[in-house]
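Chain residues, written in single-letter form:
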Amino acid sequence: TQLLEQSPQFLSIQEGENLTVYCNSSSVFSSLQWYRQEPGEGPVLLVTVVTGGEVKKLKRLTFQFGDARKDSSLHITAAQPGDTGLYLCAGGEGTYKYIFGTGTRLKVLA
Amino acid sequence: DSGVTQTPKHLITATGQRVTLRCSPRSGDLSVYWYQQSLDQGLQFLIQYYNGEERAKGNILERFSAQQFPDLHSELNLSSLELGDSALYFCASSVDGDPYNEQFFGPGTRLTVL
Numbered sequence: 016t017q018l019l020e021q022s023p024q025f026l027s028i029q030e031g032e033n034l035t036v037y038c039n040s041s042s043v044f045s046s047l048q049w050y051r052q053e054p055g056e057g058p059v060l061l062v063t064v065v066t067g068g069e070v071k072k073l074k075r076l077t078f079q080f081g082d083a084r085k086d087s088s089l090h091i092t093a094a095q096p097g098d099t100g101l102y103l104c105a106g107g108e109g110t111y112k113y114i115f116g117t118g119t120r121l122k123v124l125a
Numbered sequence: 071d072s073g074v075t076q077t078p079k080h081l082i083t084a085t086g087q088r089v090t091l092r093c094s095p096r097s098g099d100l101s102v103y104w105y106q107q108s109l110d111q112g113l114q115f116l117i118q119y120y121n122g123e124e125r126a127k128g129n130i131l132e133r134f135s136a137q138q139f140p141d142l143h144s145e146l147n148l149s150s151l152e153l154g155d156s157a158l159y160f161c162a163s164s165v166d167g168d169p170y171n172e173q174f175f176g177p178g179t180r181l182t183v184l
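In order, the protein sequence lines correspond to chains A and B. Mapping of the first sequence onto this note's numbering: residues 16 to 125, in sequence order. Mapping of the second sequence onto this note's numbering: residues 71 to 184, in sequence order.
Careful: at least some of the hints might be erroneous.
[Stated by the list, open to error] Just a few of them, taken from the derived set where beta-carbon distance is under 7 Å, the chain A residues facing chain B:
1) Ser46
2) Pro58
3) Phe115
4) Thr117
In short, the hints are calculated from the structure, not lab data. No residue lacks a Cβ here, since even glycine has one placed at the ideal position from N, Cα and C.
Excised from the complex, chain A in its bound form (with noise of 0.2 Å):
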C-alpha cells in the first residue's frame, strides 16, 4: 500500500505570511488532489493534478506536482485567517483508489 506523508503536520503563521507544504511518497501516483477540511465539515477539493511537473495556481495558492509524480507542494502567499484548515492530499492508488495523506493542519492568526 502506497503512503503519503505531509510536512509539517501542524503550522501556525500570522496573517500575511507565506508558507509551503509537502506532500511526499516512495511511490508514483497516476494522479494527486490537495484538499481542505473546515472543522466540523467534510473535505472539500482544492485541485487536481495529473502530470509531471505541472503547476496549478488558484488565486493565492499554488500547487506543484513532483515531476516523478511522487512528491507534490501546496504553497500559500499573503496567508489569511480564512485559509486556517487541515489541508489533505490525496493520491490515486490503481485505478479505483484515493490513499490520503495524513494532513497539515493550517492556523493563520489575525
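Let chain A serve as the given structure and place chain B on it in line with the hints.
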C-alpha cells in the same frame, strides 16, 4: 453545502452494538465512497460503490459492511463495535467511478462508542 447528506450527525452507542450510517449522494452522482477519519489515523478509505455495485475496497474491517441501493443511497453498517471505532465517518459521491473526478463530501457522522 456539497449536496451530499448524511444521517445521523451524531451517534453515541456502547461496545458490542451495531449501527447503520446513511448517505444520500448528490443528485446525478452514481458513485459513493465511505471514509473513516480518526485523530491518529487520518482519513482512511473504506469502500466505494458505483451504481449499486462494489467498485473498490480499502481498509474496511470484516465487522463493517456497506451497500448501495437502487435509488443510489448507501448505508454503512458497523457491528460488534469497539472503542477504537469511535471516529468521524464521511460519505462522498462523484459523478462516476473515476477517482480523477471530484468527490463531494458530506458533513460526516460522528460515532462515539462508550
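The hints, checked one at a time:
1. Ser46: Hint on serine 46(A): holds, closest Cβ of chain B at ~5 Å, below 7 Å.
2. Pro58: holds, 5 Å
3. Phe115: This interface hint holds because 4 Å falls under the 7 Å limit.
4. Thr117: holds, 5 Å
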